[in-house]
Amino acid sequence: MKKALMVLMAFAIVSVLAACADGQNGGQGGGAKQKTVAILTPYLASVTTNEMVESLKKQAAAHHWKTNVVDTKGDFGQLASRMEDLISSKVDAIVLVSTDPNQLKGQIQKAAQENIPVFGCDSGYIEGMTMNATSDNAAMSKMITEYLFQTMGGKGNLVVLTYRPHPGVLKRTQQLDTMLKQNPDIQVVTELQVQVPGPIENARKQMESLLLANQSEGSITAVWAGWDEPAIGAAQAIEAAGRKDIVVVGIDGTSQAIDMIQKGSPLIATVKQNFSGMAEIVAQQIDRVFQGQPVEGTELYAPASLVTKENAGQ
Amino acid sequence: MQQEGRVTRAGALNAGKLMRTYGTVLAGILIVIAFGLLSPESFATWENVINISRQISLLVIIALGATLVTAVGEFDLSVGAMASLGGVIAAQMAVSGMPIWLCMTAPLLIAFVIGYLNGWIVTRFRVLSFITTMAMGTVLGGLTFWLTGGSTVFEHIPDAFRRLGQSDWLGIPLLSVIMIVLTVLFWFVMSHTPFGRRLYAIGGNETASRMAGVNVSWNKNMAFALCAVLAALTGVLMASRLGSAHPTSGGGLFLPAYAAVFLGMTAFKEGVPNIWGTFVGAAIIGILANGLTILEVPTFAQDIITGCIVVAAVILQRLGRGER
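Going line by line, the protein sequences match chains B and A.
Letter by letter, the first sequence follows residues 14 to 327 in my numbering.
Letter by letter, the second sequence follows residues 36 to 359 in my numbering.
Keep in mind that the hints were calculated from the coordinates and are not lab data.
Keep in mind that the hints are not guaranteed to be accurate.
As the list claims (entries may be wrong) - Residues on chain A that point at chain B, a partial pick, calculated with CB under 7 Å:
1) 75
2) 77
3) 86
4) 88
5) 185
6) 187
7) 189
8) 191
9) 201
10) 277
11) 284
12) 287
13) 325
14) 328
15) 331
16) 334
Unchecked claim - Stretch by stretch, here's where chain A covers chain B in the computed footprint (C-beta under 8 Å, at least three residues):
17) 91-100
18) 110-121
Quick reminder that beta carbons are idealized off the backbone N, C-alpha and C, glycines included.
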């Protein structure tokens, strides 16, 4: 009886595997030469990464490519392993979404040897890759920081919420560092690294503690967040504490952030990144490569725009 | 007639014992066969065997350490953070131009001290290892962020630093060779040395071991210290493999490491953490991840399947033992 159960379970496992594989193969619809584009990311749970992946899938469907999304939940060792698997399975193209390619140097070289083009979507560009589409992080940081410093009147106490391990956020924070040097009247109260995943909750807690420690008016003038999620968390904490003297800015232009800006929360501005635009650029370049044409550039930018209360409803 | 009945029953018992002892291994083989049939051109290739051996090497090494601590009936929840810290220290030392052998060994010495401290707190103050090591993990995470400023260490890493994680020896990745050497070494230590036997004795019955004159504290401290050393080594090797050290790189290995240990407890030695069992457990987890990716199974389905297999293996082993 027990033996039978064991064999039954083993069969169940194998049939699940087979069913999964069949389901996948069934999607090909008999098109023997259908191209497969593998989408690889460690941060699928992030709103913006998810938007890019969804947009890429839509673009791929329009081009009749098959897609395969792999997420490793923040684990770069796994990411390297999964990329090796995709190279073994000889996919036609690999897109790295929100990934620092420096951590996959070996795998990118291997893909190049196997003639599998590697594209970046809001990642970065290193040798061996075909191209990367992103926003100009330094330009976006400059746009929002200039707006914030103007709002602050060029002086005050600033809280910085960031996450320097992310290559894009790092560039934004470095731009802030430069502009802080040019504005000596703006003092940094503290710079905190926001935990990922769970940035909204984490930033909210960090902000609650900072508010407790800085209760007098003017002790904190503003919060600069490296992206929208910590900005949202910080704004929620400020609102809950009933503090009217602190403003928050973020970057990315997520729908939740824009909604908050519209409703007049402490979050006053963000820069809207064109994530779908990046995915479109990547899809266009993949198409060019599939047709044997060269890409239009190794680092292509999708233009970003400032969102404030005045234009948030548009 | 009666004798025949006995023979059949004995045969059934043997088959049952065989299933209990090797059921997990058989399930692993079945999985390999299934993948091989479903994707003969990508999965069932020598190149992919090499791929899998390299991919599981880090998980096996960190899980070997977890096996030692689990054998004495404790937990070390700081292995992931220790791995991240080990990788970061090694990478930063390499960037600053120190000799590579020193970059690779210094984190291991630091880990030994941290691991021993973990054990000392647990045994000296009789604090739950669960809590002690969780707190230590948080401390180590903080240290790592302090050392790196939260950034990934990748600029100016010398090529020599990458050699260990990226080179081959006779066509076999050095990482795989290190994994095999360490597995054999720790199998020998656990099965054929007084130290290993003492660890199992403590795990089996701590009070009895103490009465029998075993220095429980020292042996436990050493189990924690070796566990931390193996975790740091995993981090160093991962930094070498990726050519960069991420401040949270080890975090992803923590849960799979214990999954490998628990899967391993269902193989070979029933219900007891054992080295080859852990190896098989890690291999099953690695093969599933590799095969399912090659078959283009979506990530969410991979997680569901992997989790179910671990649960199924544990349930089957219980059923096999006649416990309900």
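Against the structure, the hints:
Taking 7 Å as the C-beta contact cut-off toward chain B, the hint placing residue 75 of chain A at the interface is violated, the least distance being around 12 Å. Look at residue 77 of chain A: its Cβ gets to within about 4 Å of chain B, closer than 7 Å, so that hint holds up. The restraint placing residue 86 of chain A at the interface with chain B holds, with a minimum CB-CB distance near 5 Å, inside the 7 Å limit. Interface restraint check: residue 88 of chain A against chain B, minimum CB-CB distance 11 Å, threshold 7 Å, status violated.
Hint status for residue 185 of chain A: holds, given a least beta-carbon distance of 4 Å to chain B, under 7 Å. Against a cut-off of 7 Å between C-beta atoms, the interface hint on residue 187 of chain A holds, since the closest Cβ of chain B lies about 5 Å away. Taken as an interface hint, residue 189 of chain A checks out: its beta carbon lies about 5 Å from the nearest beta carbon of chain B, inside 7 Å. Against a cut-off of 7 Å between C-beta atoms, the interface hint on residue 191 of chain A is violated, since the closest Cβ of chain B lies about 12 Å away.
About 6 Å separates the beta-carbon of residue 201 of chain A from the nearest beta-carbon of chain B, less than 7 Å, and the hint is met. A least Cβ separation of about 5 Å between residue 277 of chain A and chain B falls short of the 7 Å threshold, and the interface hint therefore holds. Nearest Cβ of chain B to the Cβ of residue 284 of chain A: about 6 Å, under the 7 Å cut. The hint holds. With 7 Å as the threshold, the beta carbon of residue 287 of chain A comes within range of chain B, its nearest partner Cβ sitting at about 3 Å, so the hint holds.
For residue 325 of chain A, the suggested interface contact is upheld, since its CB lies about 5 Å from the closest CB of chain B, less than 7 Å. For residue 328 of chain A, the interface hint holds, since its Cβ comes within 7 Å of a Cβ in chain B; the closest pair sits about 4 Å apart. With a cut of 7 Å, the hint placing residue 331 of chain A at the interface with chain B holds, because the nearest CB-to-CB distance is about 4 Å. A hinted interface residue such as residue 334 of chain A counts as satisfied when its beta carbon comes closer than 7 Å to some beta carbon of chain B; here the least separation is about 4 Å, so the hint holds.
Coverage of the stretch 91-100 of chain B by chain A holds in this model, with 7 residues showing a Cβ closer than 8 Å to a Cβ of that chain against a need of three. Judged by the Cβ-Cβ criterion of 8 Å, the stretch 110-121 of chain B is covered by chain A as claimed, because 6 of its residues qualify and three suffice.
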